[in-house]
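> Here is how the chains run, residue by residue.
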Amino acid sequence: MLDLIIGGASSFAASVAASPAAGNISASVQAASGNPGMPWWIWPLLLFAVTFVMGIIAVLAGVGGGVLFVPIVGSFFPFHLDFVRGAGLVVALAGALAAGPGLLKANLANLRLALPVALIASTFSIVGAFLGLALPTNITQTALGITITLIALLFIFSKNSEYPSVGGRDALSKKLGIGGTYYEASAGKTVDWTVWRTPQGFLMFTFIGTVAGMFGLGAGWANVPVLNLLMGAPLKIAVGSSKFLLSITDTSAAWIYINQGAVMPIIAVPSVLGIMLGSLVGVRLLAGAKPKAVRYLVIIMLLFAGLRSLLKGLGIWG
Amino acid sequence: MKTKVNKGSEKASVKSGLPEQVQVAPEQIKYANLLLYGSWAGIAVLAVTFMLYVAGITPAYIDPAQIQQYWGMKSSAYLEAAKVPHGWGWLRMVGYGDFLSLVGMAWLGALTVIGYLILLPAYLRKKDAIYSAIVALEVLVLVLAASGLLGTGGH
Numbered sequence: 424m425l426d427l428i429i430g431g432a433s434s435f436a437a438s439v440a441a442s443p444a445a446g447n448i449s450a451s452v453q454a455a456s457g458n459p460g461m462p463w464w465i466w467p468l469l470l471f472a473v474t475f476v477m478g479i480i481a482v483l484a485g486v487g488g489g490v491l492f493v494p495i496v497g498s499f500f501p502f503h504l505d506f507v508r509g510a511g512l513v514v515a516l517a518g519a520l521a522a523g524p525g526l527l528k529a530n531l532a533n534l535r536l537a538l539p540v541a542l543i544a545s546t547f548s549i550v551g552a553f554l555g556l557a558l559p560t561n562i563t564q565t566a567l568g569i570t571i572t573l574i575a576l577l578f579i580f581s582k583n584s585e586y587p588s589v590g591g592r593d594a595l596s597k598k599l600g601i602g603g604t605y606y607e608a609s610a611g612k613t614v615d616w617t618v619w620r621t622p623q624g625f626l627m628f629t630f631i632g633t634v635a636g637m638f639g640l641g642a643g644w645a646n647v648p649v650l651n652l653l654m655g656a657p658l659k660i661a662v663g664s665s666k667f668l669l670s671i672t673d674t675s676a677a678w679i680y681i682n683q684g685a686v687m688p689i690i691a692v693p694s695v696l697g698i699m700l701g702s703l704v705g706v707r708l709l710a711g712a713k714p715k716a717v718r719y720l721v722i723i724m725l726l727f728a729g730l731r732s733l734l735k736g737l738g739i740w741g
Numbered sequence: 002m003k004t005k006v007n008k009g010s011e012k013a014s015v016k017s018g019l020p021e022q023v024q025v026a027p028e029q030i031k032y033a034n035l036l037l038y039g040s041w042a043g044i045a046v047l048a049v050t051f052m053l054y055v056a057g058i059t060p061a062y063i064d065p066a067q068i069q070q071y072w073g074m075k076s077s078a079y080l081e082a083a084k085v086p087h088g089w090g091w092l093r094m095v096g097y098g099d100f101l102s103l104v105g106m107a108w109l110g111a112l113t114v115i116g117y118l119i120l121l122p123a124y125l126r127k128k129d130a131i132y133s134a135i136v137a138l139e140v141l142v143l144v145l146a147a148s149g150l151l152g153t154g155g156h
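Those protein sequences? They're chains A and B, same order as listed.
Count the first sequence with our numbering and you get residues 424 to 741, in order.
Count the second sequence with our numbering and you get residues 2 to 156, in order.
Chain A extracted, bound-state conformation (with noise of 0.2 Å):
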């Protein structure tokens, strides 16, 4: 089944980047959305099919999910932003459970690493969910607008480094063990890590936990930056850390939203099913798509979707 679904989107991914099919299906949200008198079967279809394409891109873009699905459903569908976020949370969280397994056994997941960062970033997760549902909704929805809008522009400028030069370890990396060895199978060779700055990077992940909780969003996007630039952590293992620690983190938050009312199935499942399937189908795409392309692509979106959010929340568009 899954072949058929990738030959469909195959046409997709030759042409991602002018992207007639996300085209196609922001014109039917937007028909829908002013037309109230819609059947209801529609918006969870939407929802599927928008998550579907959005899936794809985020494989081919290498980012995570949860991070296009909040601005962009937030500003487009007419879901209240708590839902959003709610199923933010859970969409995030069902991507990185299962990309667990293959991370944990190549060891690009490491425990030592992510098990005391997942600890700060899950504590202030709660905090964070509870301030976004706390919070007046235009406040939240002016803050997502300005913290997308600078997500892109991190896109943008920020450079990841494969292997970072780690200066003299600190007293907290030497005391928790952190650092191991990897297998590099571009190279055929294993790598020998460690970190630094680990308290500087613990503190960050305060704030990154409290964002990722606050407004539903996975938070890769800065996970990635924090382990690998600050911290002196390989590239690969930075990433399969981060994707990893999303799911301790995005649990906590899950829960204070599940227990506040704020996950609706009928948002929350076919946007999971959607983008976990787009995912897959990203996935067989990888080889021969053109990641700068796609990456500008979400660039694009997302600023589009954090200005569209910023408007939203200060009641200007919208």
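Don't take every hint at face value.
Stated by the list, open to error - In silico SDA-like pairs for lysine to any residue, Cα to Cα no more than 25 Å straight-line:
#1 B:K75 / A:R731
#2 A:K735 / B:S77
#3 A:K597 / B:S133
#4 B:K31 / A:A608
#5 A:K597 / B:A134
#6 A:K528 / B:S77
#7 B:K127 / A:T604
#8 A:K713 / A:L703
#9 B:K75 / A:N561
#10 A:K528 / B:Y132
#11 A:K598 / B:L121
#12 A:K528 / B:A134
Since the hints were derived computationally from the structure, they do not count as laboratory data.
Guided by the hints, dock chain B onto chain A, whose structure is given.
For chain B alone, kept in the frame of chain A given last:
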């Protein structure tokens, strides 16, 4: 100090396909297997229970055709307007399709706690006091978040 890329050929372990230097702890493998089967089982439960709800096979607390009245509300207003319970109150309503769909989500939310309960005995056996404490604290944080005890007076 530069991250050290080891030169020379590496002897691969037959079982894992990884070189012998890259040891993956048994508890890490167990955790990975839990996530592998647990996450896809959870997603399958989500799909099935959702289909039962939207197809009208299970009765709905809020009919899918009526849900549009609520999804534009703030979550606190929705709870009040639709008389939906806070916290784990939804468990009493799993006979309804819309609440049955939450079972899969709760399972996904429980996986990490179960995974940590696999890690804890392993760290205790290794007498790794710091990581045992980190794992125990994380379980506490997640259970507290899941309990519904936090923020119950907020609305």
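> Now, for every hint given, state plainly whether the structure supports it.
Now for the hints, and whether the structure bears them out:
| no. | hint | verdict |
| --- | --- | --- |
| 1 | B:K75 / A:R731 | holds (20 Å) |
| 2 | A:K735 / B:S77 | holds (21 Å) |
| 3 | A:K597 / B:S133 | holds (17 Å) |
| 4 | B:K31 / A:A608 | holds (23 Å) |
| 5 | A:K597 / B:A134 | holds (17 Å) |
| 6 | A:K528 / B:S77 | violated (41 Å) |
| 7 | B:K127 / A:T604 | holds (20 Å) |
| 8 | A:K713 / A:L703 | holds (17 Å) |
| 9 | B:K75 / A:N561 | holds (11 Å) |
| 10 | A:K528 / B:Y132 | holds (20 Å) |
| 11 | A:K598 / B:L121 | holds (19 Å) |
| 12 | A:K528 / B:A134 | holds (24 Å) |
Checked against the numbered hints given earlier, the structure breaks only hint 6 and satisfies all the rest.
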